[in-house]
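Protein chains: 2
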Amino acid sequence: MLIDPRFSLLLQPQADARLEKAARIFLDHLRRRTGMLALDFAIAKIPVDGHTSLAIRSEAPSPPIQTLDEDESYSLTVQESGAELTAPSTLGAMRGLETFLQLVKTTAQGFGVPAVAIHDRPRFRWRGLMLDCSRHFFPLEVIKRNLDGMAALKLNVFHWHLSDNQGFRAESRRFPKLQEMGSDGLYYSQEEMREIVRYAYDRGIRVVPEFDMPGHSTAWFVGYPELASAPGPYAMERRFGVFDPTMDPTRESTYKFLDQFIGEMAKVFPDEFFHIGGDEVNGKQWDRNPKIQEFMHSHQFNGNRDLQAYFNERIEKLVSKRGKTMIGWDEILHSDLPKKIVIQSWSGQQSLADAVRQGYRGLLSHGYYLDLMSTAASHYAVDPLAEEGASLSSAEKEKVLGGEACMWAEYVSPENVDSRIWPRLAAIAERLWSPATAVDVDRMYARLESIGDQLDMYGLTHNTYYSEMLQHMAGSHDTSALRTLAEVVEPVKGYSRAALAQSEPTALMPLNRLVDVAQPESLTARHFAALVDELISGQLRPGVEPEIHRMLGEWRNNAPRLRPMAENSALLREVMPLAESLSALGAAGLEALDYMDRGEKPGEAWKAEQLAQVDQAASSKAQVLLMIASPVHKLIQATAGEKPTELVVPKVQP
Amino acid sequence: MLIDPRFSLLLQPQADARLEKAARIFLDHLRRRTGMLALDFAIAKIPVDGHTSLAIRSEAPSPPIQTLDEDESYSLTVQESGAELTAPSTLGAMRGLETFLQLVKTTAQGFGVPAVAIHDRPRFRWRGLMLDCSRHFFPLEVIKRNLDGMAALKLNVFHWHLSDNQGFRAESRRFPKLQEMGSDGLYYSQEEMREIVRYAYDRGIRVVPEFDMPGHSTAWFVGYPELASAPGPYAMERRFGVFDPTMDPTRESTYKFLDQFIGEMAKVFPDEFFHIGGDEVNGKQWDRNPKIQEFMHSHQFNGNRDLQAYFNERIEKLVSKRGKTMIGWDEILHSDLPKKIVIQSWSGQQSLADAVRQGYRGLLSHGYYLDLMSTAASHYAVDPLAEEGASLSSAEKEKVLGGEACMWAEYVSPENVDSRIWPRLAAIAERLWSPATAVDVDRMYARLESIGDQLDMYGLTHNTYYSEMLQHMAGSHDTSALRTLAEVVEPVKGYSRAALAQSEPTALMPLNRLVDVAQPESLTARHFAALVDELISGQLRPGVEPEIHRMLGEWRNNAPRLRPMAENSALLREVMPLAESLSALGAAGLEALDYMDRGEKPGEAWKAEQLAQVDQAASSKAQVLLMIASPVHKLIQATAGEKPTELVVPKVQP
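So the sequence lines, in the order shown, correspond to chains A and B. Counting along the first sequence from 1, when you hit position 465 you're at 465 in the numbering used here, and nothing is skipped either side. Counting along the second sequence from 1, when you hit position 381 you're at 381 in the numbering used here, and nothing is skipped either side.
None of these hints come from the bench; they were simulated from the model. In this text the structure is predicted, and so the values were computed from the model without any measurement. Careful, some of the hints might be misleading.
Copies of one chain are not kept apart here, so a pair can be met inside one copy or by any two copies together.
Stated by the list, open to error - As a list, the in silico DMTMM-like pairs of lysine to aspartate or glutamate whose alpha-carbon atoms are at most 20 Å apart:
(1) K144 with D306
(2) K45 with D184
(3) K105 with D28
(4) K21 with E180
(5) K397 with E387
(6) K21 with D184
(7) K105 with E567
(8) K105 with E574
(9) K105 with D478
(10) K21 with E195
(11) K601 with E642
Excised from the complex, chain A in its bound form (with noise of 0.2 Å):
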């Protein structure tokens, strides 16, 4: 059907406040995928004359607050006179706009939805995004935007971090001197916490605050030093890592303070889950207070994973009081809990598959961590119900919820944080939401560059805070030499940013390096690394040699571009032994095309060499690593008569 000024939306004349916001927006984001700003599509109740509508109908409408449960199916069915979504919730009803959304295109006579029929449901009923706000702090807009982004994706949760070592982010206003002396005035007022929460509700998303206790709590301390586990004056954490402040669970003082805060927040955020964080206590400063331990004894504990359960247990008591359900990291699973709490697995499907198996219900984060620069790919793989989850019962499955990726923010700021989102958390939607057997890496890929694109309507900045940035490092309008060797980079992987890094990183630090600017997965080296492939199979389509003659050529003469701007760049200095590494990569891969081309074998002597000069590529330089290393060391290898082998990046690890 044909999406013109006389497209009109039709709303069943009973449709709940809910739906009738979520057509409003869903036609702006038509005015924008569009470009027809000005237009104004029509909302009706009954069929307008000549005009080609998307028929909306919803079975039953939403609760004022979304539920864990709530139906998300829905049926949508695009012809060439019109179209028709039901769906038996609002929520549903909401999913398949954004579905009908992507099906969009350009077509020879405007703009158009192709005719489908599509019955559609998600997997898991927990699909989410962590973000963590307090080792950087994200202005509103910010989070909006990802709310935005998140929803075209069908995520339903918004999982926000909101307190940590590094910064307490929200407004108490029972206890102001959290905010006032644990954020250096980063934080959000109550007001601002409900604008997220009301803009997430009508984008069909949840938002469960995490006030992470008894540990990763320094900034708590710093107002209200009488929660620690040892007498203060406590600051904000500037460094990152796990840190020996710990609320004291002895105290009825301490549970007192959290009864009220806890109560006040229930006020603020609606949603029946509450998360207390729990990981990651030390314990050391359990171990060195005479009265915590005496306090052990008296309660013939264990240790200091008794003593932490006994404070979960009070906590649970707290937020069941406010009516909530606790939710926590791995490390809360305990027994004496009750069952009806929410294990949030960091470390792995075998701990939520435990956790599953005593009888709580679970949700997967590892794997999902964007802050550790994996591919895409490797995201796409992981799935809840795979590993120890597969030997689950259907029961026990039944309770595993769903996953979470978790954006940790030691490293990101409002500045490049969308594109350590951006795109690569769409391909973790598709896993939780997708059946199981979707599993075509390429065609994922295919998806995600084209969804990457479209994200940019919501002002996410993945694909344009680049320019800025490289302009910085550069000092020049001409930024193409820079990009040339950025758009072949990736920061360093996992937990080595910290390990490379020459002084400890703090949340202080500057963050405006090539390593800051790399995207987190780079698509023209996976696009190389696949014409390498195709070059070395022989079996080769018109047009591959040249693409990897030229890409190789633009390598090669990249440095002598460079190097002249480093001179008064300290930001592109640090990186030019990249950039000559580039430049050897390059020149080596074109020898090797010579060599092919003459169908000649080169010597052992310059395989040797070229080979030596790849590992010295493949080391990380400046926490940045040049993923064109391994289809060059395959094409050194091929020239030279050897089976080609993948090489791994990266090559040199300190």
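Put chain B on the given structure of chain A with help from the hints.
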């Protein structure tokens, strides 16, 4: 001096609240400019040990409402050891902060500011941008980011065109049907308008609201037809142009209404000036209304001009009564009005000089209409004190307050409006701030490109809007071929877009065609023309000819790349004749180069054929112009041994 984590701002102890706010905004921008978003640059009142600081001293605090005559001068001295900014007023210090920010460069040691000593002051007191929010509505965020851009360019007046035939965009609580019936729900609440006033004040910008009367006022009459000179009912006008509906100046009830309305708005907008529009009254409703005719007769009015002057006199009293000074367009000029009013001239320097000679103060907007798609160079050449203005006495020249760029909104949406304002507004801003002797066009363009990129940091979309719109047109992720075309075209100039339209343009039409995407001024075409001039001059640098060759080759090869895409895109199909012309020009240019290379003179037949092709290419298609027609024309002439001449584009105008 270096800008590193030890950079701090040093404020005098008695700094006023506005300066403290400006300091915080400055640091936000500095963080963004350097990518050091996580950094907590200090604001200190006493020097911090080991810090390099920018010390700011303002000799007088700001009044709570910015005035026309506030001193904006400042002195800035930067040395290796630190910087000092002094100004007679906080407003001057704010201007100096923008200069400092512009001086930040990427250097070999990190970010830095070169040693300078600057004494700076504006040439004109009134340097504005008018934005028409009636013909199209712009959300708050659009206005805010443009205010940021204005502040960066030291502009000091935001003239907010809030009502016109196509929409009434301001909330009135006294007369709510104005916005309820006259805006499609697209209006600014009073709280939002106050928010803009505050936002602008914090950036050194006054906000002057305009409510156009007695003409350009259809939108008022939808809710209040009794204000009009003919019975209703009225509907919001969707077309563009001059229309009949006009307020009835003969009824006391009109003035009673306007008195209350102006009183209400005077509270929302604290600025001294209140703009009443006053332009383009066609008088037809007056001519046809017997009661109005009788009134004119009894008052011995000599035509409609006198009636409008009577209306303006009455309105002027209402505006004065609220402590405001009236400002309006040329047409309000009438000797019956007090000399304190200000005339904004859309019709030219002659009209401005006439007003000034009669003792009024005036502003120039003629020559600064951004919607007419003129070049930055042409705007830059317009000087309020040139032409007739040059003959004014110095006392008269003092009455020329400055100028205002005008962004009329017939053909702009939130998606492309920034691209119509920026970067060309920077050329007008420079004209109004810098000495009249700054006239070097090439250097202006160099600054324009650099400023244009720097403005990205405020979220302005003049650079980024492009890729999203091209994607929608192309219906593909790969927009490179379409971009090649888009980058050498410009929308038709002046008022010819409407004249060339197939159906009458309206406020509801989609703005998603190439004419809406194409930048007002093609810098690629400008660059190409310069290269061709260099080639023809015979004094060419190495690399110029290959670059011309490369560009022509890309254009020649472009139509075949676009043809298959056009099969699937109606928006693209519309511009295929243009793409074919571009390819033809590329081919013609390459042939001309070949003749030159061979030192051979082509025959007359070749020349005639090529020039005919250029003529064809130079005619507008789909309301778009191909801007490389003229330089290719020159190439052909030069090859044929003729003296090259500029080709006026468009060659053929219906």
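Which hint numbers does the structure go against, in order from smallest to largest?
Of the numbered hints given earlier, the structure breaks just one, which is hint 1.
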